[in-house]
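Engineer: As they're listed, the protein sequences go chains A and B. Position one of the first sequence corresponds to residue 2 (the numbering used here), numbered consecutively onward. Position one of the second sequence corresponds to residue 1086 (the numbering used here), numbered consecutively onward.
Keep in mind the hints are simulated off the structure, nothing from the lab. Keep in mind that this is a model prediction, so the values were computed, not measured. Warning: the hint list may mix true and false statements.
Below, simulated DSS-like cross-link-like pairs (lysine-lysine); rule was C-alpha separation at most 25 Å, straight line [stated by the list, open to error]:
{"no.": "1", "chain 1": "B", "residue 1": "LYS1161", "chain 2": "B", "residue 2": "LYS1111"}
{"no.": "2", "chain 1": "B", "residue 1": "LYS1096", "chain 2": "A", "residue 2": "LYS164"}
{"no.": "3", "chain 1": "A", "residue 1": "LYS208", "chain 2": "B", "residue 2": "LYS1107"}
{"no.": "4", "chain 1": "A", "residue 1": "LYS175", "chain 2": "B", "residue 2": "LYS1096"}
{"no.": "5", "chain 1": "A", "residue 1": "LYS300", "chain 2": "B", "residue 2": "LYS1097"}
{"no.": "6", "chain 1": "B", "residue 1": "LYS1097", "chain 2": "B", "residue 2": "LYS1111"}
{"no.": "7", "chain 1": "B", "residue 1": "LYS1161", "chain 2": "A", "residue 2": "LYS175"}
{"no.": "8", "chain 1": "A", "residue 1": "LYS177", "chain 2": "B", "residue 2": "LYS1120"}
{"no.": "9", "chain 1": "A", "residue 1": "LYS140", "chain 2": "A", "residue 2": "LYS44"}
{"no.": "10", "chain 1": "B", "residue 1": "LYS1097", "chain 2": "B", "residue 2": "LYS1120"}
{"no.": "11", "chain 1": "A", "residue 1": "LYS200", "chain 2": "B", "residue 2": "LYS1114"}
{"no.": "12", "chain 1": "A", "residue 1": "LYS184", "chain 2": "B", "residue 2": "LYS1161"}
{"no.": "13", "chain 1": "B", "residue 1": "LYS1107", "chain 2": "A", "residue 2": "LYS295"}
{"no.": "14", "chain 1": "A", "residue 1": "LYS200", "chain 2": "B", "residue 2": "LYS1096"}
{"no.": "15", "chain 1": "A", "residue 1": "LYS295", "chain 2": "B", "residue 2": "LYS1096"}
{"no.": "16", "chain 1": "A", "residue 1": "LYS196", "chain 2": "B", "residue 2": "LYS1097"}
{"no.": "17", "chain 1": "B", "residue 1": "LYS1120", "chain 2": "A", "residue 2": "LYS184"}
The lines below spell out each chain.
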Amino acid sequence: MIKYIFSFAWLNQGTTWILNRVGVDTGERFGGSIHFFIYDTIKILILLSMMVFIISYMRSYFSVERTKKILEKLGGFKAHVAASLLGIVTPFCSCSSVPLFIGFIEGGIPLGVTFSFLITSPIVNEAAFVILLGIFGPKIAGYYVFSGVVLGVIGGYIIHLLKLERYVEDYVYKIKMGDTIIKTLSKRERIEFAKSNVKDIVGRIWKYLLIGIGIGALIHGWAPEEILSKYAGPENPLAVLFATIIAIPLYSNAMGTIPIAEALINKGVGMGTAMAFMMATTALSLPEMILLRKVIKPKLITVFTGITGVGIIAVGYLFNMII
Amino acid sequence: MEIKVLGTGCKKCDDLYDNVIKALSKAGKDADVEKVEDIVSIMSFGVMSSPALVIDGEVVVTGRVAQIEEIINFIK
């Protein structure tokens, strides 16, 4: 029963039943597209609201301040792994990257460890995770989280090995931080936090989702399979590269691209190509680079985006090979 | 009473500021409300995630937009 509810088979069958009743043949192109649109829209909105609530509630137990305290005590390679894992669960929005960066450095957390956090945190996005889970299932969603952590650990470790501390703006080292008070939230405050996150995330991305699902529905019915698999299929090595580059200016629209990816993958586009595209939309965002410019010099921004970009492309190729 | 909204200038920071103004008028209270966008001043409060709310020098909320009712409780 539980499996029936969570596989959304009821929704699939219900949508087909209603469409058939009103005279739409879901076996045809047109009917198939309409079915895709209605089914995906309802399923993703339900999943997104529920899961973002649960994930945010869990996240309310973590805070940037607490993460900093934990990382201050760790050293070596372990610290990179911890920073990446904490990057997943610590709630913080990209406009906080600057105070977060300064706070970490001021607390004596090594630059490379700070970057392990900064790389994984945006790559593993909770909304993207939920949508992946809804569309492709737990295996792909799990690969997504795992590769985000691996990228953060390796990327941060390379930055550590390159000893790039001199490319941090001088004033960062001079800032003295006030004492951090870690306040414990009450249960009501945690629920409030989770609710406001659902409102914020769903409110922000539903339009892009609808557009994405709409385009996905069109592709589902009409896109030319042979051409797509020829140019964007797993065998074309350039596809991943282009997908990553195209993604950079698309920042907040990332979630809308997942339903498009679903339809494209059904038409022969590589899974890794789609994954690279999605990771790049959130991790290689222009707004974040502009924010980070306040605290680090262009050379370090270049190294950071270079390592992240190459990493994402590598993940794309790997996924195209194994999935 | 002195209220400071700390934030680097994102939408959430503006939302928090608006909620503070609404909470004050709803509670019928008067206060000095200031928006702090300077990063050095923000850091001096020990805050790493914006937006944050400071009332009479004490950090009461960090990293989220406090709701109007919640702010009323703080300023009572």
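Engineer: Run the distance test for LYS200(A) versus LYS1114(B): straight-line Cα separation, threshold 25 Å.
Structural biologist: violated (29 Å)
Engineer: What's the verdict on LYS1096(B) and LYS164(A), does the C-alpha distance respect the 25 Å limit or exceed it?
Structural biologist: violated (35 Å)
Engineer: Is LYS184(A) close enough to LYS1161(B), meaning Cα to Cα at most 25 Å?
Structural biologist: holds (19 Å)
Engineer: For the pair we were handed, LYS177(A) and LYS1120(B), check the Cα-Cα distance against 25 Å.
Structural biologist: holds (20 Å)
Engineer: Given the hint that LYS140(A) pairs with LYS44(A), does the C-alpha gap stay at or below 25 Å?
Structural biologist: With Cα atoms ~18 Å apart, LYS140(A) and LYS44(A) stay inside 25 Å; holds.
Engineer: Is LYS1097(B) within 25 Å of LYS1111(B), Cα to Cα?
Structural biologist: holds (21 Å)
Engineer: With a cut-off of 25 Å on the C-alpha distance, tell me whether LYS1097(B) and LYS1120(B) pass.
Structural biologist: holds (13 Å)
Engineer: Within a Cα-Cα threshold of 25 Å, do LYS1161(B) and LYS175(A) meet the stated pairing?
Structural biologist: Measuring from Cα to Cα gives roughly 37 Å; hence the hint is violated.
Engineer: Hinted pair, alpha-carbon criterion (25 Å max): LYS1120(B), LYS184(A). Please report holds or violated.
Structural biologist: Holds, because 22 Å separates the two Cα atoms, which is no more than 25 Å.
Engineer: Hey, LYS208(A) versus LYS1107(B), does the alpha-carbon distance stay inside 25 Å?
Structural biologist: Outside the cut-off at roughly 29 Å; violated.
Engineer: Is the straight-line distance between the alpha-carbon of LYS196(A) and that of LYS1097(B) 25 Å or less?
Structural biologist: Holds, because 15 Å separates the two Cα atoms, which is no more than 25 Å.
Engineer: Does LYS200(A) pair with LYS1096(B) here, judged by a C-alpha cut-off of 25 Å?
Structural biologist: Between LYS200(A) and LYS1096(B) the Cα gap is close to 14 Å, so the pair holds against 25 Å.
Comparing the model with each numbered hint stated earlier shows that hints 2, 3, 4, 5, 7, 11 and 13 do not hold.
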